[in-house]
Amino acid sequence: MDVGTAERPADGETVCGDAHLVLERKPRTLIVVADGLGHGPHAALAASTLCRFVEEHADEPLEMLLRGADRAVASTRGAAVMLARVDAEAATLDVAGVGNVALRSWSKEKIQPLPARGVLGRGIRHVRIFRYGLAHGDMFALYTDGISGSFDIDQVKHQSATAIARSVLEGFRKSYDDATCVVVRYLDR
Numbered sequence: 007m008d009v010g011t012a013e014r015p016a017d018g019e020t021v022c023g024d025a026h027l028v029l030e031r032k033p034r035t036l037i038v039v040a041d042g043l044g045h046g047p048h049a050a051l052a053a054s055t056l057c058r059f060v061e062e063h064a065d066e067p068l069e070m071l072l073r074g075a076d077r078a079v080a081s082t083r084g085a086a087v088m089l090a091r092v093d094a095e096a097a098t099l100d101v102a103g104v105g106n107v108a109l110r111s112w113s114k115e116k117i118q119p120l121p122a123r124g125v126l127g128r129g130i131r132h133v134r135i136f137r138y139g140l141a142h143g144d145m146f147a148l149y150t151d152g153i154s155g156s157f158d159i160d161q162v163k164h165q166s167a168t169a170i171a172r173s174v175l176e177g178f179r180k181s182y183d184d185a186t187c188v189v190v191r192y193l194d195r
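In our numbering, the protein residues as written are 7 to 195.
What the hints contain is simulated information worked out from the structure, not anything from laboratory work. Take these hints with a grain of salt, some might be off.
Unchecked claim - Taking lysine to any residue pairs in the SDA-like style, the calculated list, with each CA pair at most 20 Å apart, reads:
hint: 1; residue 1: 32; residue 2: 61
hint: 2; residue 1: 114; residue 2: 43
hint: 3; residue 1: 32; residue 2: 134
hint: 4; residue 1: 114; residue 2: 141
hint: 5; residue 1: 116; residue 2: 97
hint: 6; residue 1: 32; residue 2: 95
hint: 7; residue 1: 180; residue 2: 159
hint: 8; residue 1: 116; residue 2: 98
hint: 9; residue 1: 114; residue 2: 159
hint: 10; residue 1: 163; residue 2: 181
hint: 11; residue 1: 114; residue 2: 100
hint: 12; residue 1: 163; residue 2: 177
hint: 13; residue 1: 116; residue 2: 156
hint: 14; residue 1: 116; residue 2: 93
hint: 15; residue 1: 163; residue 2: 8
To be verified - Using C-beta positions, here's what the derived DEER-type ranges look like:
hint: 16; residue 1: 106; residue 2: 80; range: 17 to 23 Å
hint: 17; residue 1: 80; residue 2: 143; range: 18 to 24 Å
hint: 18; residue 1: 180; residue 2: 131; range: 26 to 32 Å
hint: 19; residue 1: 161; residue 2: 81; range: 39 to 45 Å
All values reported here derive from a predicted model rather than from experimental measurement. A virtual CB, placed ideally from N, CA and C, is assigned to each residue, including glycine.
All chains, please: the whole structure from these sequences, using the hints.
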């Protein structure tokens, strides 16, 4: 699997209110993209608190991670999040999210998870886990709302995941918001 990340704070900020995490525990890899509400230090605290909780409980099912993260960030301003777990042996992708972090794919099977409405830290009622099959070469990107959803990777899709993530960030970032993009290319063994 090839994973690339790119992140930048909003113009005028010194810290990014988004955070991401990639945890590889063979045969599974957990990818987290979090967007603390707003930007600046308080948003960064919410996003980093969420990622720290997930890192400490990474082996739990996605639903339990979301419910626990909801409690963990309750004392912060809250966050949006998308969790994705790739199982390399089963060639599957499980996805769950809350709020306005999105996933876009370039794959044989249509991958289009819908995050639950709301904000982590304010109580979540409904969690839905989406499961998809993966094939060699399938690609997907998790990204915060600091990146325009209309991004195009046609010119760079054959480059590394890191180069693609950087290209998306550079070309489609909204300067007034924090922006994070994690690109994953699935490569079977």
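query: Is 26 to 32 Å a correct range for the gap between the Cβ atoms of residue 180 and residue 131?
result: holds, 30 Å
field: Restraint status (C-alpha distance of residue 180 to residue 159 at most 20 Å)
entry: holds, 17 Å
query: Given the hinted pair residue 32 and residue 134, is their alpha-carbon gap at most 20 Å?
result: violated, 24 Å
- request: Would you mind confirming whether the straight-line C-alpha gap from residue 32 to residue 61 stays at or under 20 Å?
  value: Holds, at roughly 15 Å.
message: Check the hint pairing residue 114 with residue 141 against an upper bound of 20 Å on the C-alpha distance.
response: Roughly 7 Å separates the two Cα atoms, so the pair holds.
- prompt: Keeping to a limit of 20 Å between CA atoms, is the pair of residue 163 and residue 181 held or broken?
  reply: Roughly 24 Å between the alpha carbons, so the hint for residue 163 and residue 181 is violated.
query: Does the structure keep residue 116 and residue 97 at a Cα separation of 20 Å or less?
result: This hinted pair holds, its Cα atoms lying about 15 Å apart.
- request: For the pair we were handed, residue 116 and residue 93, check the Cα-Cα distance against 20 Å.
  value: holds, 18 Å
query: Is it true that the CA of residue 116 sits at most 20 Å from the CA of residue 98?
result: holds, 13 Å
query: Per the hint of 18 to 24 Å, is the separation of the Cβ atoms of residue 80 and residue 143 within bounds?
result: Cβ of residue 80 to Cβ of residue 143: about 40 Å, so the range 18 to 24 Å is violated.
field: Given hint residue 177 paired with residue 163 - CA-CA distance at most 20 Å
entry: With Cα atoms ~14 Å apart, residue 163 and residue 177 stay inside 20 Å; holds.
query: Under the criterion that the straight-line Cα-Cα distance not exceed 20 Å, is the pair residue 116, residue 156 satisfied?
result: holds, 17 Å
The earlier numbered hints that this structure contradicts are 2, 3, 10 and 17.
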